[in-house]
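Below, each chain spelled out in residue letters.
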Amino acid sequence: MGRHLRTVVAFVLSLSVAACGSYDGSDDAQAGNVASPSSEPSSEPSSFPVAVEGTSGQTTIDERPERIVSLSPTATEGLFAIGAGEQVIAVDDQSNFPAEAPVTELSGFEPNVEAIAGFEPDLVVFATDPGDLGSSLEGLGITALQLDAAPTLEVAYEQIEQLGLATGHADEAQALVDDMRSEIEGLVNAADPPSGASFYYELDDTFYSVTSKTFIGQLFELLGLENIADEVGKGSGGYPQLSAEYILASDPDLIFLADKKCCGQSLETVAQRPGWHDLSAVTQGDVVPLDDDVASRWGPRIVDLLRQISEVAEAAEANAA
Amino acid sequence: MSGPDAADRRVSARTRATVIGVAVLAVAVLVGLLVGPVRIGAANVLRWLFSFGDPPPGMSEQQALILADLRLPRVIVAGLVGASLAASGAAYQAVFRNPLADPYLLGAAAGAGLGATIAVAYGPSGALELTVPVAAFIGALLGVGLAYGLGRSTLGGGSTTSLVLAGVAVASFLTAVQTFLQQQRSETLRQVYTWILGRLGTTGWDDVRLALPSVVLALATMWAVRRLLDVIEVGDVEAQSLGLHVARLRLVVVIAASLATAAAVAVAGLIGFVGLIIPHSVRLMVGGSYRSVLPLSVLFGASFLILVDTLARTVVAPAEIPIGAITAFIGAPFFIAVLRRNRRAA
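Note that the protein sequences, when read in sequence, are chains A and B.
Note that this note's numbering gives residue 200 to position 200 of the first sequence, counting from 1, and the numbers run on in steps of one.
Note that this note's numbering gives residue 1157 to position 157 of the second sequence, counting from 1, and the numbers run on in steps of one.
Calculated directly from the structure, the hints in this document are not laboratory data.
There may be inaccurate statements among the hints.
Each pair of labels, with its calculated beta carbon distance range [to be verified]:
1) N319/A <-> W1205/B: 31 to 37 angstroms
2) G285/A <-> S1153/B: 55 to 61 angstroms
3) A315/A <-> G1149/B: 48 to 54 angstroms
4) I1255/B <-> G57/A: 56 to 62 angstroms
5) R1227/B <-> D251/A: 53 to 59 angstroms
6) A1043/B <-> G285/A: 36 to 42 angstroms
7) D304/A <-> W1205/B: 38 to 44 angstroms
8) N319/A <-> Y1122/B: 38 to 44 angstroms
Examples of chain B residues toward chain A, derived with CB under 7 angstroms [as the list claims (entries may be wrong)]:
9) V1038
10) I1066
11) A1319
Please read all numbers here as calculations on a predicted model, not as lab measurements.
Think of the CB as a built atom: it goes at the ideal place given N, C-alpha and C, for glycine as much as any other residue.
Make the full structure from the sequences, and use the hints.
Printed below as a string of structure tokens:
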């Protein structure tokens, strides 16, 4: 019990620290030298040329882009959420949301510069750069903006703001980020005091998981949930493969499945694994499939994900009480 | 040269090595059951073991579950896989007269990889734990069959060189197809990769049931012909002159070894190096006769993989390390140490 209490205290502390860092609204201070939309005259969305800050450095965009290619599912969601959808002419094969996104066979994992150039884009947004995608595109005179996987919520917000700047939708982007902030703040406040319920987050059916150092792990931490993967040492890079017997011995209160689409996992398949049927999360029915896509992106829909997690945690707490 | 004295000495060396092998295997099994990320007292584990799975007083139900449903099947599968890979390695080395021959030589690994990729990328997503091993199994056998057929028909005769060359060509081709399919279904890339690195982390009794029949059949076949392996290793012409159907024997051994490899790959993914280091280490201990090399490879291969798997699940506990990474990491230096020691002794 003593250990449990300590954990709760630790989480309350970390929560308040996180809250100070994330929700004081002074994102300008955090953004540092990054060009921030709130410093722009926001009534003039078409103030081009504009300097935007991507993962790999600053890019200048001379005119409002009208032929955008997105190779990042997260960026695609962001572009459509801020009203820049009409400027998007092509998205990569993994960009399955929203439905109206113009999906093509372009690949974000193995990008083919020639195929991308064939769309005659004036802006290419991408996440991972497997080689020299950015410089190859720039070499062809195509403006490229890299927005790689966000390590924190703040960076995720910042990326939406940069997308707004880059496409002439700075106001909408700012409004979206403000919305996300206040919704997430509301969810975090509602989870205070945290239940301290423990959880196991499953990336695939070989028990790869995430620690609280990862982007998705931070969302759970915000709600004061205790991640069983955090026991793993620092050397694991945030995505450790857990031992089955450790998961069984931890007997987590909640199990979140981010491998519903990839690996067809569900409460039923989890219950059939050797030794798993007696886990409290299984007997209580607290095995929750998440949308694999939402859970692996850092776009606007993380708010929905956080809401789903907090509802599950609340229901489980009410059950236990 | 090989008078009665020498023969006696050889037999007693073999007996000694066999006793050591059995003892090492027993220790490995015990260590595999005793050590894990969850601490279960050694006394409890032993009492559990000697009461044949009845949880002794003082052991929680969950600890009994971990032993019975996770550790025991995992130790058994690791042992079966290690024994299969080591024995197959020894057998391939004999029939191809090539010290570098290993269980993955004839396209078995590439075929299994392709089978697994097809199952992950195009199979029903709900039943992967069944479809992937079965597809890998079929793929491994098809890969070897293709290589064998090609080597015999196209490249002329059943010579060892043409078989090995055909195996290399088939493996490259199958790997290329696998890469292409992975690109087509890049969302499944990680799953295939995880599988290829070795997957003892999810082992259960299903895997024991899947592997056991093939492994037993294959090992029994190799055991039955172990004396003939000594003859065939001398040379095709010499073996032929002694009345041996060399091509037929080679086919039987290749099928048996490939069956064992396919079963191993199906339940454990690709685990390299075992098929090389274990038979060679055994040869350095007891000499080159397959009457010794084959059974001892089974014993030491099983022990080796059980111990390596124990490391895989304890070194960074409660996380795991892919077992294929450890076999090479430990195997290579170990092998070099054995070689050096042997040279000094000689």
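Results of checking the hints against the structure:
1. Judged by the Cβ atoms, the range 31 to 37 angstroms given for N319/A and W1205/B holds: they are separated by roughly 32 angstroms.
2. At about 59 angstroms, the CB distance of G285/A to S1153/B agrees with the hint of 55 to 61 angstroms.
3. A beta carbon spacing of about 60 angstroms between A315/A and G1149/B contradicts the range 48 to 54 angstroms that was offered as a hint.
4. Taking 56 to 62 angstroms as the suggested C-beta distance range, the pair I1255/B and G57/A conforms, at roughly 59 angstroms.
5. At roughly 54 angstroms, the beta-carbon separation of R1227/B and D251/A lies within the given 53 to 59 angstroms, and the hint holds.
6. The beta-carbon spacing between A1043/B and G285/A, approximately 37 angstroms, falls within the hinted interval of 36 to 42 angstroms.
7. Taken as a hint, the range 38 to 44 angstroms holds for the pair D304/A and W1205/B, whose Cβ atoms sit roughly 39 angstroms apart.
8. Between N319/A and Y1122/B the Cβ separation comes to about 40 angstroms, which falls inside the hinted range of 38 to 44 angstroms.
9. Taking 7 angstroms as the C-beta contact cut-off toward chain A, the hint placing V1038/B at the interface holds, the least distance being around 4 angstroms.
10. Because the smallest distance between the Cβ of I1066/B and any Cβ of chain A comes to about 5 angstroms, under 7 angstroms, the interface hint for this residue holds.
11. For A1319/B, the interface hint holds, the least distance from its beta-carbon to any beta-carbon of chain A being 4 angstroms, beneath 7 angstroms.
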